[in-house]
Amino acid sequence: MTETTTIAHPAGAGQPEPGSGGAAYIELVGVSKSFDGALAVNNVDLSIRKGELFALLGASGCGKSTLLRMLSGFEQPTSGDILLEGQSLTGLPANQRPFNMMFQSYALFPHMTVEQNLAFGLKQERMDKREIESRVGEMLERVQMSEYRKRKPDQLSGGQQQRIALARCLVKRPKLLLLDEPMGALDKKLRTRMQLEIANILESVGVTCVMVTHDQEEAMTMANRIAIMDGGRILQVGTPDEIYEQPNCRYTAEFIGSVNLFDGVIVDDEVDYVNIKSPQARNTLHIGHGISGFAGQPVSVAVRPEKIQISLQKPEQAFNCEAGEVDEIAYLGSHSVYHVKLGSGMDVLVTALNDERWAGERLTWQDKVWVYWDEHSAVVLTS
Amino acid sequence: MAQSPGIPRFSRICLSLGFFFLYAPMVVLIVYSFNASERVNIWAGFSTRWYGELFRDDAMMSAMWMSLRLAFATATVSVVFGTLAALVLTRVRNFRTKTLFGGMVTAPLVMPDVITGLSLLLLFVGMANTLGWPAERGFLTIWIAHVTFCMAFVTVVMSSRLRELDRSLEEAAMDLGASRLGTFFQITLPIITPALASGWLLAFTLSLDDLVIASFVAGPASTTLPMVVFSSVRLGLSPQVNALAALLILSVTAVGMLAYLMTLRDERRRQRQPG
Amino acid sequence: MKPAGRRWRLPGQHWLLVIPPYLWLLLFFLAPFAIVFKISLAESTIAQPPYTALYEYVNDVLTLRLSFSNYLFLLTDSLYFDAYVSSLRIAAISTLICLVIGYPIAYGIARAQGPMQSLLLMLVVLPSWTSFLIRIYAWMGILRNNGIINTVLMALGVVDEPVRMMNTELAVYIGIVYTYLPFLVLPLYSNLVKLDNRLLEAATDLGAGPVSRFLRITLPLSMGGVIAGCMLVFIPVVGEFVIPELLGGSETLMIGKVLWGEFFNNRDWPVASAVATVMLVVLLIPISLFHRYQFREMEGED
Chain A
0 MTETTTIAHP
10 AGAGQPEPGS
20 GGAAYIELVG
30 VSKSFDGALA
40 VNNVDLSIRK
50 GELFALLGAS
60 GCGKSTLLRM
70 LSGFEQPTSG
80 DILLEGQSLT
90 GLPANQRPFN
100 MMFQSYALFP
110 HMTVEQNLAF
120 GLKQERMDKR
130 EIESRVGEML
140 ERVQMSEYRK
150 RKPDQLSGGQ
160 QQRIALARCL
170 VKRPKLLLLD
180 EPMGALDKKL
190 RTRMQLEIAN
200 ILESVGVTCV
210 MVTHDQEEAM
220 TMANRIAIMD
230 GGRILQVGTP
240 DEIYEQPNCR
250 YTAEFIGSVN
260 LFDGVIVDDE
270 VDYVNIKSPQ
280 ARNTLHIGHG
290 ISGFAGQPVS
300 VAVRPEKIQI
310 SLQKPEQAFN
320 CEAGEVDEIA
330 YLGSHSVYHV
340 KLGSGMDVLV
350 TALNDERWAG
360 ERLTWQDKVW
370 VYWDEHSAVV
380 LTS
Chain B
0 MAQSPGIPRF
10 SRICLSLGFF
20 FLYAPMVVLI
30 VYSFNASERV
40 NIWAGFSTRW
50 YGELFRDDAM
60 MSAMWMSLRL
70 AFATATVSVV
80 FGTLAALVLT
90 RVRNFRTKTL
100 FGGMVTAPLV
110 MPDVITGLSL
120 LLLFVGMANT
130 LGWPAERGFL
140 TIWIAHVTFC
150 MAFVTVVMSS
160 RLRELDRSLE
170 EAAMDLGASR
180 LGTFFQITLP
190 IITPALASGW
200 LLAFTLSLDD
210 LVIASFVAGP
220 ASTTLPMVVF
230 SSVRLGLSPQ
240 VNALAALLIL
250 SVTAVGMLAY
260 LMTLRDERRR
270 QRQPG
Chain C
0 MKPAGRRWRL
10 PGQHWLLVIP
20 PYLWLLLFFL
30 APFAIVFKIS
40 LAESTIAQPP
50 YTALYEYVND
60 VLTLRLSFSN
70 YLFLLTDSLY
80 FDAYVSSLRI
90 AAISTLICLV
100 IGYPIAYGIA
110 RAQGPMQSLL
120 LMLVVLPSWT
130 SFLIRIYAWM
140 GILRNNGIIN
150 TVLMALGVVD
160 EPVRMMNTEL
170 AVYIGIVYTY
180 LPFLVLPLYS
190 NLVKLDNRLL
200 EAATDLGAGP
210 VSRFLRITLP
220 LSMGGVIAGC
230 MLVFIPVVGE
240 FVIPELLGGS
250 ETLMIGKVLW
260 GEFFNNRDWP
270 VASAVATVML
280 VVLLIPISLF
290 HRYQFREMEG
300 ED
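Residue numbers (numbering that gives the first Met the number 0), protein chains in the order written: chain A, 0 to 382; chain B, 0 to 274; chain C, 0 to 301.
Just so you know, these hints were derived from the structure itself, not from any lab. Possibly wrong hints are sitting among the right ones.
The calculated lysine-lysine pairs, modelled on DSSO-like cross-linking and capped at a C-alpha distance of 30 Å, are [stated by the list, open to error]:
{"#": "1", "chain 1": "A", "residue 1": "K151", "chain 2": "C", "residue 2": "K193"}
{"#": "2", "chain 1": "A", "residue 1": "K340", "chain 2": "A", "residue 2": "K313"}
{"#": "3", "chain 1": "A", "residue 1": "K149", "chain 2": "A", "residue 2": "K122"}
{"#": "4", "chain 1": "C", "residue 1": "K37", "chain 2": "B", "residue 2": "K97"}
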């Protein structure tokens, strides 16, 4: 129960991420949380900048919800510290933190009108009645729900409920807004619309925001930066395109989008290129940039399906080029996904745009094909 | 019956027969309460004479007053204790003697009245001998006994309501700055109020209905309505009891119908909502 | 992931929540059983209170007097043994009757929809809100020799002289089923209403007929409700006093009536306590069976 993990990083080690402009606004330093001996969050360091929308992305059970509940104050870290502008929040319960959370179920109070729901948080601050009224009115205006002020939550649609839940948090002008699976209760069609709508509202308010989601599309659409979590740890932090284009480990590469992974060892490790030999590929895998590795190091090479070309003719390159047979075709309208079985038995996914109404050379099952990719299209993963 | 396509025919027959079985005796009772004859089973014309006699019966009236006060006091305290117990069962993580606590909450639901009555009487006698309290048995001792078994029933009602309650409502209130106590009074309590009302009514009727336990723990001077009814019924049928029964059945039916109409209205409103 | 920390931990201010009901129940529910057991080991005397003290402390000598004569008395007089057996038999048979009548009713209500369901549910509960005594009384008027049933039967010429129904075991069964039926229907209903209809559809799809669907899907899944409902009838009926007293005759022997008689008529408190203790021991298994289901239901784990 009593976790005696020493804080691995001394305070102040939470350096801003590379390429960042702002300083840390909220910092998590060596935060761990265990429930009855089971570690749910394991030594997490994180810094969140003022005004950004930060997403914690991971599969269920990865510890992201627990992390969010520690930020909100519903759970206290077993070890480590959470800082707001350098001030420790340890021991401060949820009702005294200047943070507000939008719950997955929205948690709108069913016995109160929309207006009363919004006023609730301000009343707890013993704010002047007229001030409450004007702030509630202003916020309802902003989320375009003014005409619904007298309605009860069960008389609103899902999207309207969500806007009210958001407004109820924002009217408190929190220093940090927490979103727990914000689109979790909406159907798919509404989701896309609300993602943009919410992101627009958040941007216009300029609030710092941490959201938790298991939906990569949602995280990519809404967030400025994303942290990938697994097993209570943070694996990678970066902007959506960094996460997608430069995954730093197999888990991230496989979690975001689909990916082809070749396992192999480094054979040539030069300053401006790397060659890798994999039992899954007949030809050498060639990467057009150097990495900090060594010859003989086991690595994985990740190639996204849309970066692979597919053709009946043999390309004129000796590297990154494999022969195979079309095993499956999934026609998805705008593009098709081809499963190509290589000689080694590996299944390679290739996506190709269907940008012509009738392609002269349309591939079909059992076609002998070549798959190949550019020397800058693959990423080497060392873990 | 067109609204219930889901009920199988066999069940429908059972339901009809079951309801006939449940309600026919009460209808008979109400009809005979307007019988002019003193011989309860021979119809001699319509009359409200027994209602008049009922209200002139001092023993019956004072017992009724006693029972109503008792039921009111019992229901009020049972609701408080029952809600506390339900909060403990649903909200507090396991503590060492929770199993014992759970046993003491569920066992009164089924404990035969004669055992509860006898054991409480012996407790009161023992306490009177050693502590000098309670000096005499009466309203107070019956009230204690009734609270003890009624709170178990209230606990059942309240714990099922609390279990359904979305916990994030309470967390949202805390997140918006309310204290734990403030959350309870501003959020939890208003939401569970209907359940509290039905728990209160349940305890009220249970207390009003109890004969056996009250007979054990009542002193010689205190008599509840069921005790009066029992002693007169034991001697045979009594037209006053018919009148009393009719009044009781009609008032309970009225309350029941009111409750039904209210749930109906709630359901209608919920169905009208968009999305 | 749903963190495990959603329940409050003790200690904290939560013991304030636990203490009042806990103490009340310890004092007024649990402690009395110890006293019943204590007095069952005393002897009856003509005094106030009418039993001997269990121990005496005279001249620095503590004398403990435990009398097992009450229990021996229960063993030797066949009246008590017969009363226990007959109570258990009557309780078991009437529980079975309640189940046979109550199951289809509960099932029907669970399958009804919307306002119909609330109406049916209320119609089942409503009688139990009216006085229990009054409902037994209603049957006295119906079952008497010159009651409604006999009047009708004789008027129709089915029988020449009244059929004796009052003061028989039949009357006791009618009374018990009548008063306890809602107690069985309610838990069974709340269990059946949770049954996912898709399971039955899946079973149909896999080729199960109505009987096999009921026996292999509905019944096993509703077992918890069946047990809770049956125990809610069986246990209190074993100790029932009012129904055998008002509807039963002298040949209907029930232990609740015996206990009442020992206490109020014979004023033999120790024997009454012994009767209660034995009854409690007999009921211990059914009570713990009920507790297991009910506690899980109330605590709402999983």
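Which numbered hints fail: Result: no hint breaks.
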